[in-house]
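Visitor: Sequences and hints are given; from them, build the entire structure.
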Amino acid sequence: MERVERRWSLSAQARYAVDWIDRTPGLVAGVLEAHRVPAVPHVTNLEELRGLPGIHAVVTATEVPATRFTTAGQPHKEPSPYDMAIINRVVRYMGEPVALIAAQTQDDLRRCLDRAIVEYHGLDGPLHASCPDNVLARWSTHIGESMGPIAGDGTMVTVQRQSHLQLEPHASMAMIEPGGRLVLWTTTQVPYHVRRIVARALECPASQIRVVATDVGGGFGSKQEVIVEPWVALLARLTGRVVKMQLSRRQEFLLGRTRHSATLRVASLWNGQNLSAMHLEVDVITGPYGGHGSSVAHNMALKTLPFYRCPRYEFDGQVRYAVGPVAGAFRGYGGPQGAMAVETHWDEVARRMGMDPAALRIGSLMQEGDPLDVLDPINDRRRVFRGDPIQDLIQKCLDAAEWSAPRGLNEGLGLALSMQASGVPQAELAMVRVVLQEDGMLWVTTGAVDMGQGAREVLRSIVADAVGISPRGIRIVPGDTDLEAFDYGTYASSTTFVTGSAAQKAAQQVKRQLQDLVDILPWRSKSQGPWGGYTIEELAEASFYGPHRRPVVGLGVAAPEQSPAPVAVLVAHVHVDSDIGQVTVQRLVAGVDVGHPINPIAVQGQIEGALAQGLGYALCEEVHVSDEGHVLTQSLRDYAYLSAMEMPPITVILTDTPDPDGPMGAKSAGEVAVAPVAPAIANAIYDAVGVRVRDLPITAQKVWQQMAQSQKSWATCELIKQQD
Amino acid sequence: MQWIEASTLDELQSALVQGYRVIGGGTGLLGDENPVEKVVDIRRFPDANQIVEYPSRWQLGPVVTLTHLQAWAKNHVPGLADGLNRLGTPVLRNLATVAGRLANREPTSDLYPMMRLLGTEVLVMSREDPQPRWMLLEYEGPLYGANRVWLALRIPRSTKRRRMVFEKITKARLNGSIVNGAVSWQQSVANGQIHVQMVISGVFEIPCHLSVCSKPLDLATKIRAQWQAFQQMGWVPIDDFRASAAYRAHVAGVVLERLLKTQSGFFESSLEEA
Ligand SMILES: Cc1cc2nc3c(=O)[nH]c(=O)nc-3n(C[C@H](O)[C@H](O)[C@H](O)COP(=O)(O)OP(=O)(O)OC[C@H]3O[C@@H](n4cnc5c(N)ncnc54)[C@H](O)[C@@H]3O)c2cc1C
Chain A
1 MERVERRWSL SAQARYAVDW IDRTPGLVAG VLEAHRVPAV PHVTNLEELR
51 GLPGIHAVVT ATEVPATRFT TAGQPHKEPS PYDMAIINRV VRYMGEPVAL
101 IAAQTQDDLR RCLDRAIVEY HGLDGPLHAS CPDNVLARWS THIGESMGPI
151 AGDGTMVTVQ RQSHLQLEPH ASMAMIEPGG RLVLWTTTQV PYHVRRIVAR
201 ALECPASQIR VVATDVGGGF GSKQEVIVEP WVALLARLTG RVVKMQLSRR
251 QEFLLGRTRH SATLRVASLW NGQNLSAMHL EVDVITGPYG GHGSSVAHNM
301 ALKTLPFYRC PRYEFDGQVR YAVGPVAGAF RGYGGPQGAM AVETHWDEVA
351 RRMGMDPAAL RIGSLMQEGD PLDVLDPIND RRRVFRGDPI QDLIQKCLDA
401 AEWSAPRGLN EGLGLALSMQ ASGVPQAELA MVRVVLQEDG MLWVTTGAVD
451 MGQGAREVLR SIVADAVGIS PRGIRIVPGD TDLEAFDYGT YASSTTFVTG
501 SAAQKAAQQV KRQLQDLVDI LPWRSKSQGP WGGYTIEELA EASFYGPHRR
551 PVVGLGVAAP EQSPAPVAVL VAHVHVDSDI GQVTVQRLVA GVDVGHPINP
601 IAVQGQIEGA LAQGLGYALC EEVHVSDEGH VLTQSLRDYA YLSAMEMPPI
651 TVILTDTPDP DGPMGAKSAG EVAVAPVAPA IANAIYDAVG VRVRDLPITA
701 QKVWQQMAQS QKSWATCELI KQQD
Chain B
725 MQWIEASTLD ELQSALVQGY RVIGGGTGLL GDENPVEKVV DIRRFPDANQ
775 IVEYPSRWQL GPVVTLTHLQ AWAKNHVPGL ADGLNRLGTP VLRNLATVAG
825 RLANREPTSD LYPMMRLLGT EVLVMSREDP QPRWMLLEYE GPLYGANRVW
875 LALRIPRSTK RRRMVFEKIT KARLNGSIVN GAVSWQQSVA NGQIHVQMVI
925 SGVFEIPCHL SVCSKPLDLA TKIRAQWQAF QQMGWVPIDD FRASAAYRAH
975 VAGVVLERLL KTQSGFFESS LEEA
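Heads up: the protein sequence lines correspond to chains A and B, in order.
Residue 38 in this note's numbering sits at position 38 of the first sequence; the count goes up by one each step and never skips.
Offset between the second sequence (1-based) and this note's numbering: plus 724.
Honestly, the hints are just simulated from the structure, not real lab data.
Take the hints with a grain of salt, since some may be wrong.
Unchecked claim - Residues from chain A shown here face chain B by an in silico Cβ test under 7 Å; the list is partial:
{"id": "1", "residue": "C131"}
{"id": "2", "residue": "W443"}
{"id": "3", "residue": "D579"}
{"id": "4", "residue": "I580"}
{"id": "5", "residue": "R637"}
{"id": "6", "residue": "A640"}
{"id": "7", "residue": "L642"}
{"id": "8", "residue": "S643"}
{"id": "9", "residue": "E646"}
In this text, all values refer to a predicted model and were calculated from it rather than measured experimentally.
From the three backbone atoms N, C-alpha and C, an ideal C-beta is built for every residue, glycine too.
Guide: Laid out in structure tokens, this is it:
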């Protein structure tokens with residue numbers, strides 16, 4: 001597909017939030033960061049700071065609205081606790097604002113931060129008085145008839161905090177318009193949620209706020225959080241000036257969000273080779289604020305258990321508050337944690353039974369028409385699986401990866417599966433407006449945003465296909481809440497399926513209106529082409545001027561009941577250096593069912609990107625936090641991540657099975673391939689050298705330690721003896 | 725930030741006195757959380773970005789980049805070219821300077837072990853002493869500090885009887901270096917003795933130097949010698965959160981063993997040639 005907006009994107013126009021920030025004069029906002037938590041901070045020289053040259057405002061917890069909110073960008077009313085104020089009286093994570101400052105220049109800001117004196121009154125006890133045991137949520141859901149107790153310890157895995165590492169940091173700019181409305185330019189995945197959450201935080205009506213979402217230079221869920229926006233909004237309101245803020249990379253690590261760390265345990269009950277029950281237990285750390293904690297925790301089960309047909313599912317868990325950075329939405333949203341546990345467990349069970357791990361899975365796989373909401377006994381038939389038979393996809397991947405071929409020395413292959421949704425089931429809404437302009441261009445207004453995943457191209461393709469015109473004649477106008485195209489935003493792999501459906505409906509209306517217009521215009525003899533011999537430009541003109549004035553406007557609304565599940569199958573091929581435990585990934589073969597891939601190149605890009613993010617999660621990425629809550633990996637030098645040069649060869653096998661509900665038959669593609677990477681690597685390592693690492697990331701040292709323990713390597717055992 | 729240029733020793737001296745820091749490629753100095761107020765750029769110094777060949781040495785200007793050194797080393801010191809290929813990314817190597825990498829002392833530095841084994845010397849001028857002096861590249865000592873500037877580096881010319889290899893083990897390529905090791909061999913024409921030198925960085929706060937000299941150099945002896953030397957080091961190991969000291973020490977041993985093995989056939993043949 002042609003990338004028609006290339007010229008625009010390379011032009012000098014402001015495109016990203018930092019472009020706006022760079023070009024607009026205004027005050028710079030900064031955070032006086034907490035260095036001790038949990039504690040009640042007190043700025044002892046507040047008046048001195050306020051009197052410093054170039055300082056326009058210094059605000060502390062006592063001066064902000066008392067209303068509590070959540071920074072999790074989800075539809076109202078969020079399943080998240082309202083446990084945060086713009087500045088909290090108790091600081092709970094390192095770097096949390098003790099005060100917000102608006103300064104004339106960066107130098108003024110730095111001087112003010114340097115001079116600030118903060119005293120801390122340390123707190124013992126729970127992080128939030130409302131949760132005396134720090135447990136935010138606890139549940140036990142058992143579905144289906146019990147066939148007896150599930151014996152054995154099962155498989156216990158621990159998964160770490162991961163940083164989004166999106167290229168573009170959080171950045172926002174706020175301004176009060178002459179009429180008193182607040183305008184926010186921001187890099188966000190969720191412009192309408194930003195508007196509602198900021199309105200709540202500032203205690204003003206949502207329509208008093210306009211959010212202009214810029215293109216997003218990388219999100220991965222980090223910008224489904226409303227972090228910086230309330231800060232600049234508050235300062236703009238206090239000073240009446242333009243206020244702007246951009247987080248540094250260090251602040252991204254401290255004030256941004258992480259993937260949830262957790263401990264998961266899976267056990268299963270078998271009758272021969274038939275699965276009788278599966279039990280998943282999760283203990284999830286949400287950080288000091290609740291955010292997405294509960295929804296992410298539940299997705300650890302919802303994205304893994306339905307894969308395997310089973311008469312009984314048990315899901316127990318809890319979400320706990322803890323010091324350290326705040327956890328949040330992150331590409332995969334519970335899937336990677338769940339898959340690490342469940343897919344490792346299947347491998348272990350297969351090995352114990354002496355079976356091929358692929359064969360064991362194939363025997364229990366969900367089939368077309370099987371329920372996806374297996375933990376909801378009442379509505380479990382509302383969403384069912386539709387798509388390519390998963391066993392066929394597995395077989396294609398196994399063949400491509402030469403699963404049956406003999407392995408080289410210290411080489412191994414591992415298999416894992418994952419699934420995702422296409423938008424949050426039963427909780428999505430998108431409006432798209434398609435308007436024919438007088439020059440014949442179609443403007444498509446949407447509240448979804450393009451964060452590099454190609455939302456523009458996909459929406460353009462869908463509209464072009466539905467109307468029957470060239471994509472060149474279509475302009476996508478995303479993310480401005482004043483343009484009345486309400487949308488829950490770009491997350492949960494929803495844009496193609498949900499916003500795309502709304503765009504398709506709007507475009508279909510436009511097509512009908514155009515045909516109606518053709519019908520009343522004078523008949524043309526050379527009636528070739530779709531519009532009875534008229535060009536789209538002529539129709540556009542006729543819609544505004546002359547005897548038949550009737551503007552062509554389509555408004556599509558999508559509030560889907562369905563959320564079809566895309567599926568990914570991954571085979572990893574690794575080599576393990578048996579002396580030092582270092583794992584080299586030789587190849588990844590990913591088979592993916594995304595329904596009909598509207599833009600195969602973009603889908604391939606999404607899959608490769610997801611695999612890269614999954615590989616970092618599997619092998620090295622970890623936000624290290626000290627016992628006191630300090631983030632120890634505060635820079636890209638300390639936080640280990642993989643570069644393009646470390647990517648193994650990747651083979652992507654795309655199926656093409658149109659989904660009956662998806663626009664042009666599409667499901668979703670953005671997240672599904674992150675989750676299977678870590679378990680596939682762990683399983684491949686076991687295949688190679690017979691050790692199992694259940695603790696992410698799988699560093700060389702952990703593999704080496706396991707090998708030493710299992711006495712696999714003579715040399716390492718010798719060394720251990722020497723050390724003893 | 726104030727950014728000035730200097731192209732004479734006097735200008736440079738006056739910049740140092742005013743507290744300016746020398747900037748190379750800026751990849752370390754201009755980091756996110758490392759605000760510098762004043763930098764002095766020495767690109768305009770004569771031959772600043774040149775590698776000049778003299779009969780007994782190769783001389784590098786202060787802003788020669790890692791990419792430039794790598795291209796040059798392919799024909800002169802292949803082991804160095806291979807090693808540089810593993811340092812950062814091409815983008816980083818295009819920007820970062822040899823002097824900047826070495827002057828930016830870090831225990832996990834990749835380049836130090838290699839340049840040290842090649843016998844690199846540095847031409848240093850300080851704020852207090854405007855007279856530039858050559859000094860051997862060492863990890864500690866008077867080469868370093870905000871009031872110092874490296875005007876040039878020189879590497880003695882290698883003979884055919886000298887070889888160097890480098891190995892690097894990391895958590896991820898761009899960061900989290902666990903251990904770097906470089907080994908060089910040199911054979912004396914006079915008596916055929918082989919001198920093996922090794923520098924390992926990343927395990928201890930200060931890179932550790934080992935050497936063995938014998939004839940013939942039996943592999944088992946070599947490994948035992950360096951391993952024992954290594955075990956006896958009195959320095960405090962880096963025990964950070966990425967990899968434990970015990971694991972680093974183990975990896976260092978493996979790295980040394982492998983480096984020695986890779987080259988075990990080399991000297992026999994080169995002696996015959998001679
Ligand atoms: C993404 C990334 C990856 C990296 N990967 C690696 C890696 O794999 N291995 C590795 O070893 N390093 C790595 N580094 C570190 C990198 O090599 C350092 O940043 C190094 O300092 C680069 O040199 P520079 O020319 O950019 O130095 P600058 O940033 O310009 O300067 C660094 C320091 O050296 C001083 N300095 C510079 N030139 C002189 C001079 N002529 N005389 C005296 N002092 C001087 C400066 O004052 C400053 O203190 C990486 C860095 C980044 C950002």
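Visitor: Taking the numbered hints from earlier one at a time, note which ones the structure violates and give those numbers from smallest to largest.
Guide: 1 and 2
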